[in-house]
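S.K.: Put together the whole structure using the sequences plus the hints.
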Amino acid sequence: MSIRRVLTVVGVAVVMLLALSLLAGHLLGYPVLIGHIESGSMEPTMDEGDGFIPIPHAIAGDVSSGDVVVFQSDTVEDGATTTHRVVDEQDGGYITQGDNNPFTDQGAGEAPITDGEVKAVALTLNGDVVTIPHLGTTVESLGGIVDRLEGLLAGLFGSPQLGSEQLALLLFGLGLLALTGSVVLGTDGRERARSRARSLSGVIDARYVLVGCLVVLWLGATAGMVGPGGTETYGIVSTEGDSENPTIIPAGETDSFDAELYNGGFIPTVSYLSPQSPGVDIDTEKHRLSHNESVNATITVTAPEETGYYPRSISEHRYFAILPEPVIEGTYDVHPWIPYVLINAVISVPVLILWVVFRGPTGQIRLRRRDHHRTRGLVSRLRGN
Numbered sequence: 000m001s002i003r004r005v006l007t008v009v010g011v012a013v014v015m016l017l018a019l020s021l022l023a024g025h026l027l028g029y030p031v032l033i034g035h036i037e038s039g040s041m042e043p044t045m046d047e048g049d050g051f052i053p054i055p056h057a058i059a060g061d062v063s064s065g066d067v068v069v070f071q072s073d074t075v076e077d078g079a080t081t082t083h084r085v086v087d088e089q090d091g092g093y094i095t096q097g098d099n100n101p102f103t104d105q106g107a108g109e110a111p112i113t114d115g116e117v118k119a120v121a122l123t124l125n126g127d128v129v130t131i132p133h134l135g136t137t138v139e140s141l142g143g144i145v146d147r148l149e150g151l152l153a154g155l156f157g158s159p160q161l162g163s164e165q166l167a168l169l170l171f172g173l174g175l176l177a178l179t180g181s182v183v184l185g186t187d188g189r190e191r192a193r194s195r196a197r198s199l200s201g202v203i204d205a206r207y208v209l210v211g212c213l214v215v216l217w218l219g220a221t222a223g224m225v226g227p228g229g230t231e232t233y234g235i236v237s238t239e240g241d242s243e244n245p246t247i248i249p250a251g252e253t254d255s256f257d258a259e260l261y262n263g264g265f266i267p268t269v270s271y272l273s274p275q276s277p278g279v280d281i282d283t284e285k286h287r288l289s290h291n292e293s294v295n296a297t298i299t300v301t302a303p304e305e306t307g308y309y310p311r312s313i314s315e316h317r318y319f320a321i322l323p324e325p326v327i328e329g330t331y332d333v334h335p336w337i338p339y340v341l342i343n344a345v346i347s348v349p350v351l352i353l354w355v356v357f358r359g360p361t362g363q364i365r366l367r368r369r370d371h372h373r374t375r376g377l378v379s380r381l382r383g384n
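Using numbering that gives the first Met the number 0, the letters of the sequence shown correspond one by one to residues 0 to 384.
Heads up, a few of these hints could be off.
Said to hold, decoys possible - Listed next, the in silico DMTMM-like pairs over lysine to aspartate or glutamate satisfying Cα-Cα at most 25 Å (straight line):
id, residue 1, residue 2
1, 285, 259
2, 285, 254
3, 285, 231
4, 285, 324
5, 285, 88
6, 285, 114
7, 285, 315
8, 285, 257
9, 285, 239
10, 285, 241
As the list claims (entries may be wrong) - Derived Cβ-Cβ restraints for the label pairs, each shown as a range:
id, residue 1, residue 2, range
11, 234, 290, 31 to 37 Å
12, 239, 323, 47 to 53 Å
13, 239, 267, 45 to 51 Å
14, 213, 129, 28 to 34 Å
15, 215, 253, 43 to 49 Å
16, 207, 257, 47 to 53 Å
The set of hints was computed from the structure by calculation and includes no laboratory data. Ideal placement from N, C-alpha and C gives every residue a C-beta, glycine not left out.
M.R.: Below, the structure is given as structure tokens:
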């Protein structure tokens with residue numbers, strides 16, 4: 000493979016990774032791999048429109064004072080995802096503030112931020128946040144182009160069914176497919192000639208089929224495990240009185256409520272619950288669920304001595320029970336993402352075995368049979384000559 004070809008493949012891989020991160024960020028509501036600042040609250044550290052690299056909280060580890068974090072707010076900017084600096088740590092959570100703001104978020108009415116609300120930590124080098132100048136400005140400019148394109152389509156064909164965000168994702172996806180296809184088919188004449196010859200003969204490389212099957216399998220399995228899990232946040236109120244509502248608790252006292260876990264899939268699962276906020280206790284942190292089985296986990300919450308509203312969070316990591324539970328638990332204790340990798344590796348084995356058995360000696364798959372009638376006609380004409 001030529002150097003030009005390698006650089007092209009690497010470049011497309013980077014573009015695909017960034018594209019998937021933007022799509023994931025759009026679906027999840029917070030930045031993945033790359034994000035940008037939408038206001039001037041972090042100036043001069045991060046100017047409006049600057050990009051940054053968010054490290055997922057699970058990878059970044061413990062948050063400390065001085066870190067710039069991405070969190071889901073309740074009151075800041077009408078509850079939008081916010082990027083501010085941690086300026087203090089208290090028993091109830093983190094105190095955050097924009098570098099350009101004269102007061103803390105908590106002074107403006109935001110409750111202390113707990114670990115369950117922290118989505119990511121901005122990457123820093125030598126104590127400085129790594130920024131990508133004007134990234135957000137570029138993204139907003141592209142959004143304006145998409146809005147104008149949507150208006151043009153609306154004028155030509157009437158009111159469109161897609162909104163601007165959905166249209167942007169559609170156009171981006173089509174462009175990504177076209178770019179990927181150009182790399183798969185080859186960037187120089189020889190690659191295109193070989194690809195054309197394969198398409199004419201109705202033959203494809205079995206490795207493409209293998210990669211496609213594995214990607215679909217990994218995406219489906221990971222979605223089946225990650226989707227039902229995640230972080231659940233409960234709002235509690237510390238009051239001077241009492242209430243039958245388990246989330247309204249007298250200051251300094253405790254109350255309990257049940258959180259339901261349900262497995263609607265056919266594969267048994269193992270779930271691990273862990274508190275992400277102070278004053279939260281879970282009666283049983285590990286639960287095994289069979290098909291269509293549900294269990295209740297009892298969550299006990301202690302209200303802070305100071306009255307007010309406090310978010311409290313728990314996280315769930317769910318795994319297919321296709322590995323021995325001691326293996327899942329041991330790797331989960333090291334890092335919650337490791338069991339996902341091991342399980343995807345295990346379910347890939349049958350696909351690899353089938354590929355080795357059925358790929359054939361040439362490693363190619365024929366999509367259609369040769370035209371025997373045309374061949375016989377050609378032979379007859381040759382004989383006649």
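S.K.: State for each hint whether it applies.
M.R.: Outcome of the hint check:
A distance of roughly 13 Å separates the Cα atoms of residue 285 and residue 259; the hinted pair therefore holds under the 25 Å criterion. For the hint pairing residue 285 with residue 254, the CA-to-CA distance comes to about 21 Å; that is within 25 Å, so the pair holds. For the suggested pair residue 285 and residue 231, the alpha carbons sit about 16 Å apart, so the restraint of at most 25 Å is met. Proximity of residue 285 to residue 324 is assessed by CA-CA distance (about 11 Å); at most 25 Å being required, the pair is judged to hold.
For the hint linking residue 285 to residue 88, the alpha-carbon distance of about 30 Å lies beyond 25 Å, and the restraint is violated. For the hint pairing residue 285 with residue 114, the CA-to-CA distance comes to about 20 Å; that is within 25 Å, so the pair holds. Using a Cα cut-off of 25 Å, the hinted pair residue 285 and residue 315 holds, with the two alpha carbons roughly 10 Å apart. This hinted pair checks out: residue 285 and residue 257 have alpha carbons roughly 15 Å apart, not beyond 25 Å.
Simply put, residue 285 and residue 239 have alpha-carbon atoms about 34 Å apart, too far for the 25 Å limit, and the pair is violated. Between residue 285 and residue 241, the direct Cα distance comes to roughly 32 Å. Violation of the 25 Å bound is thereby established for this hinted pair. Under the hint 31 to 37 Å, the C-beta atoms of residue 234 and residue 290, about 33 Å apart, fit the expected range. Restraint check, residue 239 to residue 323: a C-beta distance of roughly 51 Å satisfies the suggested window 47 to 53 Å.
At roughly 46 Å, the beta carbons of residue 239 and residue 267 sit within the given window of 45 to 51 Å. Distance hint check for residue 213 and residue 129: the Cβ-Cβ separation is about 33 Å, which falls inside the suggested range of 28 to 34 Å. In this structure the hint that residue 215 and residue 253 lie 43 to 49 Å apart at CB holds, the actual value being about 47 Å. Hint check: residue 207 to residue 257, Cβ distance near 49 Å, so the stated range 47 to 53 Å holds.
Going down the numbered hints, you'll see the structure goes against 5, 9 and 10, while the others check out.
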